[in-house]
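Each chain, written out:
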Amino acid sequence: MADPVEPIIRVRGLKTQFGAQAIHQGLDLDVRRGEILGIVGGSGTGKSVLLRTIIGLNRPAAGRIEVFGQDLAKIAPIQRLAAEQRWGVLFQDGALFSALTVAQNIEVPMKEHLGMPARLRDEIAALKIAMVGLPPEAGSKYPSELSGGMRKRAGLARSLALDPDLIFLDEPTAGLDPIGAANFDQLIRRLQVNLGLTVFMVTHDLDSLHAICDRIAVLAEKRVMVIGTMADMLRHEHPWLRAYFHGPRARAAQPQVEEVGE
Amino acid sequence: MSRWSMTDGWLKMAAGDGGGMRFLVGGHWDARNATRLDQQLRGLAPATDAPVILDLGQVERLDTAGAWLLHRTRKEYQARGGRADYASLTPAYEAMLEQVAANDQPAEIEPPRPAALWAVLDRIGRGTVEVTVEAQQQIAFLGLLLVTLAGSLRHPSRLRLVPLIYHMEKVGFNALPIVGLISFLIGVVLAYQGATQLQRFGAEIFVVNLISVSVLREIAILLTAIVVAGRSGSAFTAEIGSMVVNEEVDAMRTLGLDPMEVLVLPRVLALVITLPLLVFFADIMGLFGGMLMCWGSLDISPSLFLERLQGAVSPWSFWVGMIKAPFFAFLIAMVGCLEGLRVTRSAESVGQQTTRSVVTGIFLVIVVDAMFSIFFAAVGV
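Residue numbers (the working numbering), protein chains in the order written: chain A, 1 to 262; chain B, 1 to 381.
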């Protein structure tokens with residue numbers, strides 16, 4: 001494997017803006033290989049915008065973004081395509097193609113990029129369906145026939161179709177009931193360990209942050225204000241961090257970690 | 001960094017212990033190489049039941065796709081009664097193979113397809129039921145709409161004036177340019193086509209009768225109704241449909257607002273009021289286009305045109321067109337609103353219902369137009 005010190009994502013001096021309004025200004029962020037990084041921040045601090053900018057759906061106004069050690073703005077389209085095949089993205093509601101079944105959704109990248117024969121695609125799609133904990137009969141269902149939690153699992157399966165090194169998750173547990181959310185957390189953790197994934201996760205879910213994130217990056221004041229482990233967050237004195245990690249919901253989320261932090 | 005994309009996975013056979021086989025696998029066993037490795041593995045001659053060893057000693061990268069291929073190969077050998085084992089596993093590869101083995105379950109890929117004849121019958125049946133249900137809903141909606149309308153006429157204060165004016169501007173005033181342009185061009189075309197035919201009989205002057213009667217009785221009203229169905233009927237469906245998707249219509253009901261009164265009635269009334277005005281405008285523009293064409297290419301001067309016009313048309317020619325306008329407007333608006341309310345809670349269905357709204361609207365307009373023709377023929381105007 002590559003040099004462990006080298007980050008898998010390196011963002012330097014990022015500036016993004018919509019019209020005259022700057023969302024990020026001078027934002028720096030490193031994501032380490034093999035970690036689960038949680039991105040938190042108040043509404044409107046540009047968490048999802050950051051995710052979309054890193055994967056190239058938004059154009060930054062200034063700054064450098066390197067993923068897998070390559071500056072995505074500077075490389076040739078063919079290299080960019082190769083890089084894109086090495087990451088997977090789970091959008092908030094799964095973003096499944098509604099005209100295709102779940103299994104066909106998972107097969108899209110295999111068919112488009114690798115030209116796999118149908119039989120092998122079906123086998124691997126079945127494998128991914130099982131890996132994300134969907135029942136076998138879900139494969140032939142259309143997205144409109146699935147519940148929100150199942151759509152997210154199916155979206156996760158599609159993002160894992162090409163066995164990426166890195167996955168981006170946009171609020172993976174939003175809209176799930178607590179049991180579903182906890183299961184989804186464990187699923188992400190298990191896949192991350194078993195497949196050696198790096199996970200970049202935008203979330204508001206304090207339980208997820210406690211349960212599976214190795215590090216947490218807090219977006220505020222248009223940049224990454226703090227980055228560190230949960231214990232670092234709990235020790236930090238910034239009022240927003242205290243309100244976020246010591247508020248009533250945070251206490252309810254994980255009292256035993258609270259004790260470790262104190 | 002991208003070295004793995006350059007690297008192949010490979011598979012070699014060697015003699016194993018005790019008459020068995022030893023597969024040496026190495027390189028990158030990943031999704032990128034899976035297609036080729038899959039062919040290679042499937043092409044292997046079916047072995048005897050001698051023991052087989054899959055030696056992973058030289059694997060540099062293993063992902064779920066590669067692990068699946070190894071797992072499948074091993075499983076197939078075992079199914080034939082042979083023995084197959086892995087060798088030289090690192091803990092990471094072992095974990096990957098275990099992960100794949102644990103998730104080895106076939107899944108359904110597509111919903112089962114019924115036989116062709118069955119599918120045809122199925123579609124005919126579904127289509128028939130759907131048409132019947134839709135007709136029922138249209139009749140029920142018509143009744144509901146008339147009741148709501150009667151209610152508002154009894155209590156005019158409940159009529160929502162601001163939305164009414166807003167929709168009148170949107171469906172009426174803003175449609176003037178497109179309706180006017182289309183009518184004008186059709187007038188020009190009619191004059192030109194009519195003239196070339198009538199010239200053969202030396203009866204060019206009758207082109208005035210042709211233009212005036214056809215524009216006033218049929219063309220202006222039909223064209224305007226079709227443009228409005230495409231422009232406003234679809235807009236009604238899309239607006240109301242996206243409100244349904246957004247649960248706004250449900251919210252209205254819980255707040256004690258009647259969607260019929262708030263959403264449907266202003267739109268229907270706006271169209272019923274403005275479509276006749278649009279038709280009048282289309283009449284004028286159509287005649288104007290015909291007149292210009294007559295002047296330009298047939299040397300029928302505008303004054304002569306207007307003189308012939310008075311002889312050619314009776315007031316009834318004009319009224320036959322105008323009488324139809326409110327009926328068509330009512331149909332278009334009703335279908336537009338009904339299809340909007342029939343949207344289910346998905347963005348996809350907004351598109352489907354919008355298409356349906358335009359098609360149904362135009363279809364009903366033409367059917368009712370034919371019925372009017374029979375009626376007017378029977379009463380002799």
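Derived from the structure by calculation, the hints contain no laboratory data. Certain hints may be false.
[As the list claims (entries may be wrong)] Computed list of lysine to aspartate or glutamate pairs in EDC-like fashion (alpha-carbon distance at most 20 Å, straight line):
id, chain 1, residue 1, chain 2, residue 2
1, A, Lys-141, A, Glu-66
2, B, Lys-170, B, Glu-239
3, B, Lys-75, B, Glu-94
4, A, Lys-141, B, Glu-348
5, B, Lys-75, B, Asp-55
6, A, Lys-15, A, Asp-214
7, B, Lys-75, B, Asp-122
8, A, Lys-15, A, Asp-30
9, A, Lys-141, B, Glu-94
10, A, Lys-15, A, Asp-28
11, A, Lys-141, B, Glu-98
12, B, Lys-75, B, Glu-110
13, A, Lys-111, B, Glu-94
14, A, Lys-222, A, Asp-30
15, B, Lys-75, A, Glu-123
16, B, Lys-75, B, Asp-85
17, A, Lys-111, B, Glu-108
18, A, Lys-15, A, Asp-93
Outcome of the hint check:
For the hint linking A:Lys-141 to A:Glu-66, the alpha-carbon distance of about 38 Å lies beyond 20 Å, and the restraint is violated. Pair hint B:Lys-170 plus B:Glu-239 holds up; C-alpha atoms about 13 Å apart against a cutoff of 20 Å. Distance check on the hinted pair: B:Lys-75 and B:Glu-94 sit about 16 Å apart at the alpha-carbon level, within 20 Å; holds. Distance restraint check for A:Lys-141 and B:Glu-348: the Cα-Cα separation of roughly 17 Å lies within the 20 Å cut-off, and the hinted pair is therefore satisfied.
Between the alpha carbons of B:Lys-75 and B:Asp-55 the distance comes to roughly 15 Å, so the proposed pair stays at or under 20 Å and holds. For a cut-off of 20 Å, the pair hint linking A:Lys-15 to A:Asp-214 is broken: about 26 Å separates their Cα positions. A distance of roughly 41 Å separates the Cα atoms of B:Lys-75 and B:Asp-122; the hinted pair therefore is violated under the 20 Å criterion. Taking the CA atoms of A:Lys-15 and A:Asp-30, the gap is about 16 Å. The hint holds against a cut of 20 Å.
At most 20 Å may separate the alpha-carbon atoms for a hinted pair to count; A:Lys-141 and B:Glu-94 exceed this at roughly 33 Å. Distance restraint check for A:Lys-15 and A:Asp-28: the Cα-Cα separation of roughly 10 Å lies within the 20 Å cut-off, and the hinted pair is therefore satisfied. For the suggested pair A:Lys-141 and B:Glu-98, the alpha carbons sit about 28 Å apart, so the restraint of at most 20 Å is broken. Taking the CA atoms of B:Lys-75 and B:Glu-110, the gap is near 25 Å; set against the 20 Å cutoff, the hint is violated.
The suggested pairing of A:Lys-111 with B:Glu-94 is violated, with an alpha-carbon distance near 28 Å, which exceeds 20 Å. A distance of roughly 16 Å separates the Cα atoms of A:Lys-222 and A:Asp-30; the hinted pair therefore holds under the 20 Å criterion. Straight-line distance between C-alpha atoms of B:Lys-75 and A:Glu-123 comes to about 13 Å, which keeps the hinted pair within the 20 Å bound. Among the hinted pairs, B:Lys-75 with B:Asp-85 is consistent with the structure: their alpha-carbon atoms are about 10 Å apart, no more than 20 Å.
As the CA atoms of A:Lys-111 and B:Glu-108 are separated by approximately 18 Å, the hinted pair is consistent with the 20 Å bound. In summary, the hint linking A:Lys-15 to A:Asp-93 is not supported, as the alpha carbons are separated by about 27 Å, beyond the 20 Å threshold.
The structure shown violates the earlier hints numbered 1, 6, 7, 9, 11, 12, 13, 18.
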